[in-house]
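Knowing the structure of chain Y, use the given hints to seat chain V on it.
2 protein chains.
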Amino acid sequence: MESRTEISSLGEFGLIEHLTKNIELQNASSIVGVGDDAAVIDHFGKQTVITTDLLIEGVHFDLAYTPLKHLGYKSVIVNISDIYAMNALPTQITLSLGISNRFSLEAIDEFYEGVYAACEKYAVDLIGGDTASSQKGFIISVTAIGEVSPDRFVKRSTARKGDLICCSGDLGGAYLGLVFLEREKKIFLESPQVKPDLEDQKYVIGRLLKPEARKDIIDFLGDSEITPTSMMDISDGLSSEILHICRQSELGCVIYEEKIPISEETRNAAFQFELDPTACALSGGEDYELLFTMSQNDHEKLLLNEQISVIGFMTEPEKGQKIITKGGNTFDITAQGWNAFR
Amino acid sequence: MESRTEISSLGEFGLIEHLTKNIELQNASSIVGVGDDAAVIDHFGKQTVITTDLLIEGVHFDLAYTPLKHLGYKSVIVNISDIYAMNALPTQITLSLGISNRFSLEAIDEFYEGVYAACEKYAVDLIGGDTASSQKGFIISVTAIGEVSPDRFVKRSTARKGDLICCSGDLGGAYLGLVFLEREKKIFLESPQVKPDLEDQKYVIGRLLKPEARKDIIDFLGDSEITPTSMMDISDGLSSEILHICRQSELGCVIYEEKIPISEETRNAAFQFELDPTACALSGGEDYELLFTMSQNDHEKLLLNEQISVIGFMTEPEKGQKIITKGGNTFDITAQGWNAFR
Chain Y
10 MESRTEISSL
20 GEFGLIEHLT
30 KNIELQNASS
40 IVGVGDDAAV
50 IDHFGKQTVI
60 TTDLLIEGVH
70 FDLAYTPLKH
80 LGYKSVIVNI
90 SDIYAMNALP
100 TQITLSLGIS
110 NRFSLEAIDE
120 FYEGVYAACE
130 KYAVDLIGGD
140 TASSQKGFII
150 SVTAIGEVSP
160 DRFVKRSTAR
170 KGDLICCSGD
180 LGGAYLGLVF
190 LEREKKIFLE
200 SPQVKPDLED
210 QKYVIGRLLK
220 PEARKDIIDF
230 LGDSEITPTS
240 MMDISDGLSS
250 EILHICRQSE
260 LGCVIYEEKI
270 PISEETRNAA
280 FQFELDPTAC
290 ALSGGEDYEL
300 LFTMSQNDHE
310 KLLLNEQISV
320 IGFMTEPEKG
330 QKIITKGGNT
340 FDITAQGWNA
350 FR
Chain V
10 MESRTEISSL
20 GEFGLIEHLT
30 KNIELQNASS
40 IVGVGDDAAV
50 IDHFGKQTVI
60 TTDLLIEGVH
70 FDLAYTPLKH
80 LGYKSVIVNI
90 SDIYAMNALP
100 TQITLSLGIS
110 NRFSLEAIDE
120 FYEGVYAACE
130 KYAVDLIGGD
140 TASSQKGFII
150 SVTAIGEVSP
160 DRFVKRSTAR
170 KGDLICCSGD
180 LGGAYLGLVF
190 LEREKKIFLE
200 SPQVKPDLED
210 QKYVIGRLLK
220 PEARKDIIDF
230 LGDSEITPTS
240 MMDISDGLSS
250 EILHICRQSE
260 LGCVIYEEKI
270 PISEETRNAA
280 FQFELDPTAC
290 ALSGGEDYEL
300 LFTMSQNDHE
310 KLLLNEQISV
320 IGFMTEPEKG
330 QKIITKGGNT
340 FDITAQGWNA
350 FR
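For the protein sequence lines, the chains are Y and V, in the order given.
For what it's worth, the numbering used here labels the leading residue of the first sequence as 10, then goes sequentially.
For what it's worth, the numbering used here labels the leading residue of the second sequence as 10, then goes sequentially.
No wet-lab data here; the hints were simulated from the structure.
Note that CB positions come from ideal geometry on N, CA and C, so glycine has one too.
Please note that a few of the clues may not be correct.
As the list claims (entries may be wrong) - Some chain V residues near chain Y, calculated using beta-carbon distances under 8 Å: (1) ILE40; (2) VAL43; (3) ILE50; (4) THR60; (5) THR61; (6) VAL68; (7) ASP71; (8) SER113; (9) GLU115; (10) ASP118; (11) ASP139; (12) SER150; (13) ASP242.
Same shape as in the complex, but just chain Y (with noise of 0.2 Å):
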């Protein structure tokens, strides 16, 4: 049997020490760390980007199908994507949680393990945080600090028209993770003694529970000298995303359905779901893939990286937000993108 201790017997001072004791920074900027009033950071000639996300049970996870450590791990990454779109590179978090006593200190050591893990992974210091009892629920509030040279971030604002629309990795695959453990939840409550083949929906499950931040495809925009003109990271779908960069920028855009990257895994899952896989990409969200537009002079210089998919470009904005079908049919593009398929 697994061992089970009561958080309420370190109390919250020992359940900080607990958990934060083996800490060790990584980098030079975070000068003071967990254990006081506030941390001190040094990110002398840098300017320091700053991103927040609450979570809360039962709205943003489900924790019948979300082991903790993925909880965790997914906590920071969905915040240092954030820094990353900035075209910044994340260095410290800090951590609060709200948690209620049907959680045992085990639970709370897995979920962070998890942090810990992405931290280590991404090279972030953890600097500080809060730990509250909640009445009801988990509650997760990661806040993440970054460092760019100065003027050097990326808004949302500053797309140009003619620019690219590019979009690194794959969509939809979150939603289906999401649509398909939905799935098995309910089947596991109607019969519990049904196991889940979870094997053949491996990718879509691990896009939905342990996604990437992609510091990847910052430094190869750094390494190959491109500065996007605008980023930000995918959460709510691809549809939604890009409305906001045209609205922002108060551009108008195409984008092209053959060339949306969507992964042969989702295909094959949508397909299982009778749902449709630019609709899945369009509206699903929580890919965290970046979405930028950059310059068509640079347009040589992607062929080497097969993880950038160009979608589309940036047009005036009287021409509206326009995706055109493989089928050539033109839609408007709308916040929930299927709605123009219906």
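Showing chain V alone in chain Y's frame:
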């Protein structure tokens, strides 16, 4: 009748736009504010200080007697108080909210009124955040960012033997405000027709519901060229905080009961509730005053500021952490200070 606008009628992006559209950035260091993947700040030549707090309804606040505007104000104050406690100046905050559907847009507006009032008073910019729906209860996560000249921050761990222990303002009031409001809530639930007389307890209620951060003390210390050797804010009660400084500085201390600053209003309230005012100051918490140590050589400089009390001094660690009562008895300071008096 007050109007009620459902938040769902705006959607997440509509809500963010509504809440943040009037923001005018006040700090030159706020380069990019709300509306992108992340905010950008430029503390060029300064170090950046970060702190975060998670406030959960039913755990940290009770909306039965906490006006939302006050709650918004206090959410900012408790965080920037931590920045001041590092001897730094707060410059930005991020704010994330988890909102259940029992909240109307008007209620959230009221909360933000308090947030913006605090931001304006302390010249802090709101530069980012997240809004989420919560299944139950109101959840507030604030991260505050500040700046300090290189290596001028003040930690908890650097007090020295012989240093004076100083405390700003007065203590115990917020706790008595809480005791009073909890009693009134109980009376109201039993007999809704009884109207509480708040006037008598105005001071202690104000200490609880509308605390201020002690910017004035930080300014005074700077102007007087006093560099505290250690500092923190008093959020959990004087006993708990002094023990943090002793533990992290590896020292003992002596404090004098008669030197602990307690206002007349707090003494009167304690008397009414048959509580020991000293116990309220030692263990009450939420006063958000500053506790700091400094060299005895700077003692004279304090004479000009009646908002600062010298309450004791640091000793070698072997001497332990002691309080000397008005009657001349010596007790160990414990995290729940009143235990020493039982």
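Here is what the structure says about each hint:
At its closest, the beta carbon of ILE40/V sits 6 Å from a beta carbon of chain Y; the interface hint therefore holds under the 8 Å criterion. Checking VAL43/V against chain Y by beta carbon gives a least distance of about 11 Å; that is not within 8 Å, so the hint is violated. The restraint placing ILE50/V at the interface with chain Y holds, with a minimum CB-CB distance near 5 Å, inside the 8 Å limit. The interface hint given for THR60/V is met, as the beta carbon of that residue sits about 4 Å from the closest beta carbon of chain Y, less than 8 Å.
Hint status for THR61/V relative to chain Y: holds, with the closest Cβ pair at about 5 Å, below 8 Å. Checking VAL68/V against chain Y: minimum C-beta separation of about 6 Å stays under 8 Å; hint holds. For ASP71/V, the interface hint is violated, the least distance from its beta-carbon to any beta-carbon of chain Y being 12 Å, above 8 Å. Checking SER113/V against chain Y: minimum C-beta separation of about 19 Å lies over 8 Å; hint violated.
With its C-beta approaching chain Y no nearer than about 22 Å, GLU115/V sits outside the 8 Å limit, and its interface hint is violated. With its C-beta approaching chain Y no nearer than about 19 Å, ASP118/V sits outside the 8 Å limit, and its interface hint is violated. A least Cβ separation of about 5 Å between ASP139/V and chain Y falls short of the 8 Å threshold, and the interface hint therefore holds. Because the closest C-beta pair between SER150/V and chain Y is about 4 Å apart, less than 8 Å, the hint holds.
Interface restraint check for ASP242/V: the shortest CB-CB distance to chain Y comes to about 6 Å, inside 8 Å, so the restraint holds.
The earlier numbered hints that this structure contradicts are 2, 7, 8, 9, 10.
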